[in-house]
Amino acid sequence: MKSNQYPVIEADVAIVGGGSAGAVAGIRAREVGPDKRVVVLEKGHAKYSGCIARGMDALNIVAVPGVATPELYVESNSLACDGIMDEPVNYRMAERSWPLMQKLINWGVCFPKDDQGEYEILQVHPKGRFCVTMKEPELKTILYQRLVDSGARVFNRTMAAELIVEEGRIAGVLALNVRTGETMLVRTKTVILSAGGTARFGLPSNGSMYGVYDFPGNTGDGYCLAYRAGAELSGFEYTLYYYITKDINAPLLYITLTRGAHLLNAFDQRRDKDHPSIKTMCQEDFFDHSGPLRIRMDHLPEKKIKEIEDLLFTTERPACERFHAGRDNDFRTGEIELWPTEVYLCGGHGMTGVRMDETGRTSVPGLYAAGDTSLCARGHLSGAFVYGEISAESAVEYSSSVSLAKIDPAKTEGFLAERSSRLDWKDRPITIEEFEYKVRRIISDYLRPPKNAYKLNRLLWWMERFRKELKEMVRVADRHDLFKTYEVENIIQCATLSATASLERTESRWLPWHYRSDFPDRDDENWMKHIVLKKGREQDQVQVEHKEIIRMKAR
Amino acid sequence: MPEINFLEALSDNIVIDKTKCVFCGVCVETCILDNLRLKLAPCRGACPLGVNVQGYVQEIKRGRDDKAREILRETLIFPEILGRVCPAPCEEACHRGRTADAPVAARMLKRYLAQGQQEEDIPVPEPAPNTGKKVAVAGSGPAGLQAAHDLRLAGHQVEVLEKEEEPGGMLRWAIPLFRLPLEVVERELSLLRRMGVEFKCRTGVGAQVTLDELKTDYHAVVLAAGCPRPLTLEVEGADLEGVVFGLDLLKDLRADKVPELGGPVVVIGGGNVAVDAARAALRLGADRVTLVSLEAKEELPAFAEEVALAQKEGLRLEPSWGPLRFLGQGGRVAGVELQRCLAVFNPQGLFEPAFDSCELKTVEAQTVIVAIGQSRVQDLFQGLDRVDPLTLRVGETNLFLAGDCLDGPGTVVRAMKSGQEAAESINRFLAGEHLSYGREYQGPVVTEFEIDTSPGSDEPRAVPLMNQFSGKGDFNEPEEPLSEDQARTEAGRCFSCGAPFGKFRTCWFCLPCEVECPEHALWVDIPYLLR
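Protein chains in written order, with my numbering: chain A, 615 to 1169; chain B, 324 to 854.
Keep in mind that the hints were calculated from the coordinates and are not lab data. Every residue, glycine too, gets a C-beta built ideally from N, C-alpha and C. Wrong hints could be hidden among the right ones.
Looking from chain B toward chain A, a few residues come up when the C-beta cut is under 8 Å (computed) [said to hold, decoys possible]: (1) Asn328; (2) Ala332; (3) Thr353; (4) Ile355; (5) Gly519; (6) Phe522; (7) Cys524; (8) Pro670; (9) Phe674; (10) Ala677; (11) Thr829; (12) Cys830; (13) Phe832; (14) Ile849; (15) Arg854.
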């Protein structure tokens, strides 16, 4: 294919993923760099894509003046992270969380106040109250409209497939149209990766490949782009799963418990008294075999029930209403059964991500990260928004200091040739969906805790085999299948990274998520550090390093 | 049926209320996981402009004519014109027509919707903010007009240059008024004026202005100069008085410059211009009009409906004959000697008529109208590089071609489609975007699917009220529009073939498809596995 047969777009800032972090990054980049060319590559449609398809019921981390401080947040979240947290990154997020909330309010995002004019601020962390109730069903459309109005160019249905690094810095992004399979080259000075975590990872127990907890468009694209570009990753041994509404895999814990709901285990024992969290519920189910846990609200006054329904059925996952109706779950009389979700990787809920400093900068010049792709441990939506802003500011600043790097045509031609060869996989026996199903089943089998060296090595063996099978057995019936081969390739890569990191950390931590049955104890003396992964010199070789936790400098 | 993957064997949780859906495809475009596809109704798939035929027909059936009109106008800027002159490829593709009795009368339903609409009833779309770019459209036929509309809508300053004294091209100067009344053309063209398109008449390219000047003076140029030049017959007597070209006759008729015709008239040709000219001759006082064509009757290139109508009006057909020479008397034509045509095309499919020179006959004629085709003005195209068939761009220049001048005379709807494509290319060109990216994609649709025929009623196809042709001087339209009752009944015959659906079973029940559905016709069920 000749170069004039695909579009070449020039940009100062290219953002991969138009979800919460990507949308805010786009808006901010145009705010601080009105003359900058900002491009957003979005695999779905940016109006609704990402983990927040519609709205949200809380801004999880806000250091509200007079209520909590960034210092307290760092202390509290470090506890929640069992100490594996770079303090400056999380400090900066907390520091900017309040101004960020004010900005959202200015954009029309609703944070309800009570009769006394106070925001509802819930305690969901070990120390301090940081979780501010939001009631905004239109959160994503508000962000999208601002993004479009900002002048950023949004390319929907476009998946970033490869980053190009030249002269040791970011030079471009090769992208694919998910419907037509056509290629696009974005020549750019900087890239912000905000493509979510790896939500399509383990298989959910409901049997639906897309019935996962986190947004199923997220297939670890951001992680893998960063990895192949040479950036450092961390936290891949944090194989997270949640404990939420059985089968629909939608959240409801804090909305209900903070309004007086009871949490019961299978033996009808109350478990709601000691600040239960997703983690403690997972522990109880995992170690004590006392699950399933259930939420019961039949003792609550009608006003509270209505309040809960009002939030639950309008904001984050409004489909919950029809789910519960279909199950004959009346909150006034029945109970809601909870269940563990599939295993997945995420920087916002967990701590799997591209390593960055408090300016959003990764280890590759010109490459930035935000949101669930980035490592702002357990930063949730606040982390996505704040690092969307910070990475945009840094990227704009950096873009002013460099020119577009020259791209070696062999790199794009090589990618195009490989892409075209996939379109020839027409007569192969296995559909890409069947292949993905098996990949994810194996991930569930071997990466879900309890882990041990045998299982993790088996996982690595399987992923090696899947890499070969993808290229030998999987059918690409049409152009729509093409991008899915890249997605599943990323899922496989993430599994390899996760097993590698899990093997390395010969202790147990973040129970039950990194529970090693062959190393059941926590070992702070040896493992209070990051397991950092980088692409090795050899093909498919993952380089493992240990890095110290970064502490706050004395202020 | 196409191959499916194993996920597609799961049940579809996207529930469509087909009594409300208007098949607009918004849900398909909204789905973030690209789960949805539109089963494309065959009628819509066959229309070069992709007019949502199923949508407007179903809305007529529901009694919502305003909404039907809105749907029609979304993709068709000249519904009143096409409601009369479109050969209706949608009807040819209609599943009912192909598998049952007769196709749904989509063209007549278009006309039903458009009739009675005054200029002020036609909504004027708001053009995008001014881009500061200036585009010239040379030629104001259907291709040029469509291009001008789309370019203006994108915010460019658009000037349409027309060599005649009024715009419209073939719509005004070739299609006779008894098929397309002048006020209809003017009413629909007024839309462009009201959008801010400027018309410069008596400005012919190659005459008052050169193509090079246009390319220099404007940021981009659409050349949509049509095929105005009649093909000539190289036979003895072709220069006799009384031998005229069909296009000239039709043009004179539009300009009120036609002499009365008397005596027998022979029309040479089998296309639409020939039939139009023949029907014009009947109205201009010819005693007897005979249409001589190389083709057999069933192979005539003219629209079959028009031929049938012309025959009812008194046209005689002499199919499978070719003119050998024109016979003269005192310098004026008096007849045509014909020879039997055995085949029009050679075995390779190329035009190369074969005659039997032993089978001859003579027909009497006081006037002979030659309408054997027309071509573009070749001088205009000298030195132009290759035209990209997808983008219609000439070489690497700022010139784009559209309409009949691209690949010969065709239908109005086909010309409009090429105008649309040229405009799309120019919009991209002026925005510095890639010209061909994404344009070969058919869209998020499927075309092979089972069709439930139960929604269609058992009623026979509507027959419009026809005005009796009264001969000389009767320039009224033969066909009356359908009445409201007729239209509702006719729309009720539609099988309503297409619909959106969840194809890939990748639904995350996030609901934007449901929220964005303008008709509240979509419901996302929780997938069975999770329910």
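| request: Tell me, in ascending order, the numbers of any earlier hints that this structure violates. | output: 2, 5, 6, 7, 8, 9, 10
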